[in-house]
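Asks: Residue numbers (this note's numbering), protein chains in the order written: chain G, 173 to 261; chain X, 2 to 453.
These are calculated hints, taken from the structure and not from any lab test. Possibly wrong hints are sitting among the right ones.
As the list claims (entries may be wrong) - When the alpha-carbon atoms are kept at most 27 Å apart in a straight line, the in silico DSSO-like pairs for lysine-lysine are as follows:
{"hint": "1", "chain 1": "X", "residue 1": "Lys316", "chain 2": "X", "residue 2": "Lys17"}
{"hint": "2", "chain 1": "X", "residue 1": "Lys49", "chain 2": "X", "residue 2": "Lys59"}
{"hint": "3", "chain 1": "X", "residue 1": "Lys92", "chain 2": "X", "residue 2": "Lys41"}
{"hint": "4", "chain 1": "G", "residue 1": "Lys233", "chain 2": "X", "residue 2": "Lys245"}
{"hint": "5", "chain 1": "X", "residue 1": "Lys92", "chain 2": "X", "residue 2": "Lys122"}
{"hint": "6", "chain 1": "X", "residue 1": "Lys316", "chain 2": "X", "residue 2": "Lys246"}
{"hint": "7", "chain 1": "X", "residue 1": "Lys59", "chain 2": "X", "residue 2": "Lys99"}
{"hint": "8", "chain 1": "X", "residue 1": "Lys155", "chain 2": "X", "residue 2": "Lys397"}
{"hint": "9", "chain 1": "X", "residue 1": "Lys6", "chain 2": "G", "residue 2": "Lys233"}
{"hint": "10", "chain 1": "X", "residue 1": "Lys316", "chain 2": "X", "residue 2": "Lys155"}
{"hint": "11", "chain 1": "X", "residue 1": "Lys92", "chain 2": "X", "residue 2": "Lys126"}
{"hint": "12", "chain 1": "X", "residue 1": "Lys17", "chain 2": "X", "residue 2": "Lys59"}
{"hint": "13", "chain 1": "X", "residue 1": "Lys17", "chain 2": "G", "residue 2": "Lys182"}
{"hint": "14", "chain 1": "G", "residue 1": "Lys182", "chain 2": "X", "residue 2": "Lys49"}
{"hint": "15", "chain 1": "X", "residue 1": "Lys245", "chain 2": "X", "residue 2": "Lys6"}
{"hint": "16", "chain 1": "X", "residue 1": "Lys45", "chain 2": "G", "residue 2": "Lys182"}
{"hint": "17", "chain 1": "X", "residue 1": "Lys355", "chain 2": "X", "residue 2": "Lys317"}
{"hint": "18", "chain 1": "G", "residue 1": "Lys193", "chain 2": "X", "residue 2": "Lys6"}
{"hint": "19", "chain 1": "X", "residue 1": "Lys452", "chain 2": "G", "residue 2": "Lys233"}
{"hint": "20", "chain 1": "X", "residue 1": "Lys231", "chain 2": "X", "residue 2": "Lys317"}
{"hint": "21", "chain 1": "X", "residue 1": "Lys155", "chain 2": "X", "residue 2": "Lys431"}
Because the structure is a prediction, the values reported are computed rather than measured.
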Amino acid sequence: MRAVVTVIGKDRTGIIYNVSKILAENSVNIEDISQTVMHDFFTMIMLVDMSNMSADFSVLKAALEEVGETIGMSIRIQHEDLFNAMHTI
Amino acid sequence: MAMFKDVLETVRMIEKERLDIRTITMGISLLDCIDSSGAKSRQKIYEKITRLAENLVKEGERIENELGIPIVNKRISVTPISLIAGSSDDKNYVEYAKILDAAAATVGINFIGGFSALVPKGFTKGDRILIDSIPEALATTNCVCSSVNLGSSKAGINMDAVKRLGEVIKETAYLTRDADSIGCAKFVAFANAVEDNPFMAGAFHGVGEAESVLNVGVSGPGVVKRALEKAQNASFGEMAEIIKKTAFKITRAGHLVGTTVAERLNVPFGILDLSLAPTPEIGDSVARILEEMGLEHCGTHGTTAALAMLNDAVKKGGIMASTSVGGFSGAFIPVSEDEGMIEAVECGALTFDKLEAMTSVCSVGIDMVAIPGDTPASTISGILADEAAIGVINNKTTGVRIIPVYGKDVGDTAEFGGLLGRAPIMPVNKNDCSVFVNRGGQIPAPIHSFKN
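Just need the whole structure built from these sequences, with the hints factored in.
Replies: Have a look at this one:
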């Protein structure tokens with residue numbers, strides 16, 4: 173089961189560190205990362221594999237949202253299925 | 002993996018443009034709850050609904066969490082109660098409405114539809130009792146929605162039902178006068194009612210449906226408007242293309258949610274209704290889409306054409322995206338639930354007659370329109386007959402959800418709250434139609450050839 177993590181907000185240090193720390197703590201593997209910074213506005217998309225995840229999805233989601241609040245970014249995690257359904261024929 | 006820009010587009014649709022799944026509605030057949038004892042029948046109904054829908058809300062919330070897309074409503078539709086209650090000796094079916102309300106409260110849903118009767122060609126005993134019970138049923142329950150199908154393209158229009166329902170709507174308005182006659186917001190009179198509609202207030206589980214199914218209603222007027230904003234100088238062909246593509250994406254999200262929830266509840270996936278359903282929130286309006294096409298206000302000349310194109314393009318995009326499209330599938334134009342419609346009425350751009358014209362090219366009909374409380378029942382029946390005629394002649398569904406707000410007149414506003422919104426009272430034609438309405442009988446089924 174794979175999911176997409178989106179991180180959006182003002183650029184600062186330690187964004188990837190903070191997000192990947194939570195993922196590692198929950199045994200979630202990062203498969204792909206894309207990011208851009210435009211006019212100080214940071215956007216990152218991670219594709220992660222949750223097959224060995226040690227916590228419940230809702231726990232991971234809450235942890236990511238919490239770290240998002242701490243570093244002032246919007247962090248979402250959504251199952252990959254939604255994006256595949258909407259954007260592929 | 003979807004492309005970078007696709008991911009961001011989806012996130013933006015959900016966060017900024019209010020893309021949501023408007024409802025997951027579980028259809029439940031109550032045919033096996035028929036019993037000659039009303040009390041026993043109601044016990045079976047309660048037991049069956051609470052058993053089958055026990056996990057509806059929980060699974061809905063789970064998928065909402067996993068996919069990160071809001072599912073606004075979790076609802077249930079049941080077999081029309083007139084068919085279930087008809088074999089009992091009960092002289093009043095309000096208790097059936099109460100048991101539906103109790104079951105809805107137990108499973109934690111916000112609406113249950115199916116306090117309904119199908120009378121396009123005539124009444125059974127059960128139909129008559131149910132229709133007589135509607136005002137009290139709607140006044141004494143919270144979540145129950147009611148509907149009556151009073152005409153069809155195959156049978157014509159039951160004008161006796163049209164006459165009686167005008168009175169029923171007035172009685173319902175009176176009994177719920179303390180809350181701006183809100184009971185009427187939970188009742189729809191249909192022509193050509195569909196059996197698999199997931200949207201309230203008109204949802205019921207048709208007798209041709211399976212034991213239990215999961216239907217989904219998707220929405221997203223804000224997403225369509227935003228897509229058109231980015232194409233300021235587009236021609237009609239280009240606009241239609243943009244709407245189709247957007248409807249495709251919205252529908253695919255709905256299909257995924259529907260099939261996943263159905264699988265987890267172990268019931269078949271029924272249909273996906275891809276209607277653009279507005280809410281009173283800013284940025285969630287169908288009227289604003291029409292205005293984005295270049296109309297100063299919704300309701301001006303050109304509005305019917307704009308709505309026709311929107312409705313058709315939504316259907317085309319949706320049908321490409323899912324093989325299970327059903328229900329209404331088009332655009333809804335409920336006045337009180339659409340901030341753009343409300344403003345159009347308040348500034349005088351949108352009149353009752355224009356609304357009626359608009360209903361001939363889109364889903365449903367005169368929807369959530371508040372009219373003066375002293376409107377005669379016969380005038381309401383005239384409105385029902387007009388809408389039914391549009392549906393019956395044009396082979397489409399039409400409905401009327403109209404609220405004669407007790408004690409209020411043109412210039413006042415009815416406040417319903419929540420998704421039902423608020424409605425400025427609209428004037429209706431003051432000329433009498435009671436002689437026409439009182440004739441009784443059946444308007445014959447229309448000819449299905451020689452279409453001009």
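Asks: Hints first: check each against the structure and report whether it holds.
Replies: Taking the hints in turn, this is what the structure says about them:
At roughly 24 Å between alpha-carbon atoms, X:Lys316 and X:Lys17 fall within 27 Å of each other, so this suggested pair holds. The hinted pair formed by X:Lys49 and X:Lys59 meets the criterion: a straight-line CA distance of about 18 Å does not exceed 27 Å. For a cut-off of 27 Å, the pair hint linking X:Lys92 to X:Lys41 stands: about 15 Å separates their Cα positions. Between the alpha carbons of G:Lys233 and X:Lys245 the distance comes to roughly 33 Å, so the proposed pair goes past 27 Å and is violated.
This hinted pair checks out: X:Lys92 and X:Lys122 have alpha carbons roughly 22 Å apart, not beyond 27 Å. Pair hint X:Lys316 plus X:Lys246 holds up; C-alpha atoms about 11 Å apart against a cutoff of 27 Å. For the hint linking X:Lys59 to X:Lys99, the alpha-carbon distance of about 24 Å falls within 27 Å, and the restraint holds. For the suggested pair X:Lys155 and X:Lys397, the alpha carbons sit about 12 Å apart, so the restraint of at most 27 Å is met.
Between X:Lys6 and G:Lys233, the direct Cα distance comes to roughly 22 Å. Compliance with the 27 Å bound is thereby established for this hinted pair. Simply put, X:Lys316 and X:Lys155 have alpha-carbon atoms about 24 Å apart, close enough for the 27 Å limit, and the pair holds. Between X:Lys92 and X:Lys126 the CA atoms are separated by roughly 10 Å; this keeps the pair inside 27 Å, and the hint holds. About 26 Å separates the Cα atoms of X:Lys17 and X:Lys59, which keeps this hinted pair within 27 Å; it holds.
Proposed proximity of X:Lys17 and G:Lys182 is supported: the alpha carbons are some 18 Å apart, at most 27 Å. Proposed proximity of G:Lys182 and X:Lys49 is contradicted: the alpha carbons are some 52 Å apart, above 27 Å. Restraint check: the Cα-Cα separation between X:Lys245 and X:Lys6 comes to about 19 Å, which is no more than 27 Å; the hinted pair holds. For the hint pairing X:Lys45 with G:Lys182, the CA-to-CA distance comes to about 57 Å; that exceeds 27 Å, so the pair is violated.
Distance restraint check for X:Lys355 and X:Lys317: the Cα-Cα separation of roughly 25 Å lies within the 27 Å cut-off, and the hinted pair is therefore satisfied. This hinted pair checks out: G:Lys193 and X:Lys6 have alpha carbons roughly 25 Å apart, not beyond 27 Å. Between the alpha carbons of X:Lys452 and G:Lys233 the distance comes to roughly 57 Å, so the proposed pair goes past 27 Å and is violated. Between X:Lys231 and X:Lys317, the direct Cα distance comes to roughly 21 Å. Compliance with the 27 Å bound is thereby established for this hinted pair.
Proposed proximity of X:Lys155 and X:Lys431 is contradicted: the alpha carbons are some 32 Å apart, above 27 Å.
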